[in-house]
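> The residues making up each chain are set out below.
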Amino acid sequence: MKHVKALNKKARLLEEQRNVIQCEDVVALQGSPLGCSLIFDPGWETDASGNVTGLCQPVEADLYGCYDDCWWPAQVPDQLMNHLKWSDSCASAERDWRKLDLIYPEGA
Amino acid sequence: MAIPRRHALFRLCAVAGCLGLRALASAQEPELYVLGVHPHGIVVFDGTRGEIVRVIQTRGRAPKELVPSVDGKHVYVTSEGRAMLEAVNLETNTTDKVFEMAPPGYRLTIFGVVLNRQGDRLFVHVKPVRQLIDRYQVEAPQVWSVDVATGKTAKIAEVPQGVAALVLTADERRLIAWGRDLYYIDIAQGRITNTVPLMNPRNPREGALNTLALFIQFERSGVFSLPYYTKDPITDKDLMGLVNLDVDSGRVETIDLGAPVPLYSSVVSPDRKRAYAVMNQLISVDLEHKRVLDSVDLDRTRYVANISRDGKRLFVSGAAPYIHVYNTDTLKLIKTVELPGDPAVTGFRALPQAAR
Chain A
606 MKHVKALNKK
616 ARLLEEQRNV
626 IQCEDVVALQ
636 GSPLGCSLIF
646 DPGWETDASG
656 NVTGLCQPVE
666 ADLYGCYDDC
676 WWPAQVPDQL
686 MNHLKWSDSC
696 ASAERDWRKL
706 DLIYPEGA
Chain B
81 MAIPRRHALF
91 RLCAVAGCLG
101 LRALASAQEP
111 ELYVLGVHPH
121 GIVVFDGTRG
131 EIVRVIQTRG
141 RAPKELVPSV
151 DGKHVYVTSE
161 GRAMLEAVNL
171 ETNTTDKVFE
181 MAPPGYRLTI
191 FGVVLNRQGD
201 RLFVHVKPVR
211 QLIDRYQVEA
221 PQVWSVDVAT
231 GKTAKIAEVP
241 QGVAALVLTA
251 DERRLIAWGR
261 DLYYIDIAQG
271 RITNTVPLMN
281 PRNPREGALN
291 TLALFIQFER
301 SGVFSLPYYT
311 KDPITDKDLM
321 GLVNLDVDSG
331 RVETIDLGAP
341 VPLYSSVVSP
351 DRKRAYAVMN
361 QLISVDLEHK
371 RVLDSVDLDR
381 TRYVANISRD
391 GKRLFVSGAA
401 PYIHVYNTDT
411 LKLIKTVELP
421 GDPAVTGFRA
431 LPQAAR
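One line per chain: the protein sequences are A and B, in this order. Taken in order, the first sequence gives residues 606 to 713; the numbers are from this note's numbering. Taken in order, the second sequence gives residues 81 to 436; the numbers are from this note's numbering.
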């Protein structure tokens with residue numbers, strides 16, 4: 606890769622960004638302040654001890670908590686940037702989760 | 081002229097009656113609380129009667145932070161994915177004003193709002209992103225002041241990534257930004273002048289304290305309290321506790337509570353002797369003796385709690401569409417109130433007493 610050189614403006618920007626990103630300690634969740642406390646990691650599937658007692662119950666009750674602040678962007682749409690209208694027709698995820706639509710990648 | 085005896089008795093009864101009625105009225109005086117619900121509403125809740133007073137539609141979706149005005153007639157609300165700051169009038173049930181803070185070509189995400197004591201100046205922590213044609217440019221998080229009357233903004237200081245809450249000390253000289261650590265910002269100097277470490281301990285024998293400063297309520301006690309989680313670097317054990325920040329003085333106290341119970345947020349009683357914290361359990365903490373007093377399982381996850389003025393009732397909400405009222409002595413459920421929507425990552429603030 607050391608022989609590959611940026612030729613145009615966009616490629617040079619990408620190179621610059623790569624250098625910036627190497628200096629940053631947070632990349633994926635820039636919009637979110639901390640992520641859940643350590644005890645809640647690694648996420649929806651299990652808690653820190655590999656069990657489920659540290660997870661939210663029922664999962665529907667926590668759906669908007671994760672949606673609101675882009676908590677698990679791979680599993681739940683994010684409200685901060687991309688899917689503001691996702692919950693418009695569903696005031697309560699626990700009561701009306703069937704009203705929530707699926708999110709498809711653009712162009713799919 | 082001598083007052084006939086039966087008239088004097090009548091007057092005595094009337095005075096006593098008035099006093100009694102006043103005491104009764106005082107006891108029945110509504111204690112109002114506000115919290116945001118999906119898809120775009122603010123619920124005003126009367127804690128005395130355990131009833132919803134009204135639901136107000138906000139301009140933006142999913143209200144998050146709520147900051148009552150000094151007279152309790154307005155609430156400043158972040159909404160629309162934290163990009164919007166609106167002033168909601170609690171008397172007319174409408175949004176009076178949306179503060180247009182973002183410069184052209186920028187998107188702001190707001191994490192942290194606080195109002196000064198005069199009620200004429202807001203302080204906000206914003207994360208600006210410049211939206212260029214071919215890329216987004218993330219700029220340093222900043223704290224701004226906002227003139228409530230004119231909406232004019234002024235930058236005060238840049239802060240590290242990770243700030244989620246702001247408070248203002250009583251002398252109004254310092255803002256405290258709660259993020260990975262606690263950053264004390266001197267407003268006049270426009271810079272961070274002190275840092276209390278949480279996630280970045282200075283002593284290698286101390287573990288990092290991980291907190292989640294998204295649930296902000298300290299009206300009753302003046303103490304902004306949050307659960308922390310850590311791993312003891314020597315014993316390698318998981319531990320939890322509370323970080324208690326005295327909002328007026330800026331003084332910080334950590335309360336070690338031993339083995340962890342998953343908790344999202346905590347609230348301190350008006351006499352500062354107890355704290356209550358919630359997630360899948362509700363626990364009470366003796367702050368004087370620094371120990372967990374009691375714990376009960378909740379039927380579902382809860383994010384946030386606030387407490388009545390007399391410290392006898394705990395209002396628990398967040399996540400599913402309910403407010404549960406608990407007795408703070410026994411941790412027994414007194415009442416459940418159904419909400420029109422889910423209160424997700426929302427504040428649950430007490431309004432000033434003047435509010436109706």
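Hint data in this document are derived by calculation from the structure and do not stem from the laboratory. Because the structure is a prediction, the values reported are computed rather than measured. Errors might be hidden in some of the hints.
Unchecked claim - If you want a taste of the chain A side facing chain B, the calculated C-beta under 10 Å gives, among others: (1) Asp673; (2) Gln680; (3) Ala696.
As the list claims (entries may be wrong) - Which residues of chain B face chain A? A partial, calculated answer using Cβ under 8 Å: (4) Pro208; (5) Arg210; (6) Asp214; (7) Ala339.
What the hints assert, rightly or not - Some residues of chain B that are not near chain A, with every Cβ distance over 12 Å (derived): (8) Arg162; (9) Gln361; (10) Ala399; (11) Pro401.
Every residue gets a Cβ at the ideal spot worked out from N, C-alpha and C, and that includes glycine.
> Does the CB of Asp214 (chain B) sit less than 8 Å away from some CB of chain A?
Since chain A brings a Cβ to about 7 Å from Asp214 (chain B), closer than 8 Å, the hint holds.
> Going by Cβ atoms only, is Ala696 (chain A) closer than 10 Å to chain B?
This hint holds: Ala696 (chain A) lies near chain B, its Cβ roughly 3 Å from the closest one there, short of 10 Å.
> Using Cβ atoms only, decide whether Asp673 (chain A) comes closer than 10 Å to chain B, and label the hint accordingly.
holds, 4 Å
> Under the criterion of a CB-CB separation shorter than 8 Å, is Arg210 (chain B) in contact with chain A as hinted?
This hint is violated: Arg210 (chain B) lies away from chain A, its Cβ roughly 13 Å from the closest one there, beyond 8 Å.
> Checking hints one by one. Is Gln680 (chain A) an interface residue toward chain B, by the C-beta closer than 10 Å rule?
The hint is violated - Gln680 (chain A) has no Cβ within 10 Å of chain B, the shortest such distance being about 16 Å.
> Does Arg162 (chain B) really sit off the interface, with its C-beta more than 12 Å from all C-beta atoms of chain A?
violated, 6 Å
> Using Cβ atoms and 12 Å as the threshold, tell me whether Pro401 (chain B) really stays out of contact range of chain A.
The claim breaks: Pro401 (chain B) does not keep its Cβ more than 12 Å from every Cβ of chain A (closest is about 4 Å).
> Min Cβ distance, Ala339 (chain B) to chain A: is it shorter than 8 Å?
At 11 Å from the nearest chain A Cβ, Ala339 (chain B) fails the 8 Å test, so the hint is violated.
> According to the definition I'm using, a residue is off the interface if its beta carbon is farther than 12 Å from all beta carbons of the partner; does Gln361 (chain B) meet that for chain A?
Incorrect as stated: the minimum Cβ-Cβ distance to chain A is 10 Å, not above 12 Å.
> Hint validation: Pro208 (chain B) versus chain A, beta carbon distance must be below 8 Å. Holds or violated?
Cβ of Pro208 (chain B) sits 11 Å from chain A, so the hint is violated.
> Would the least Cβ to Cβ distance between Ala399 (chain B) and chain A come out above 12 Å?
violated, 4 Å
Checked against the numbered hints above, the structure breaks hints 2, 4, 5, 7, 8, 9, 10, 11 and satisfies the rest.
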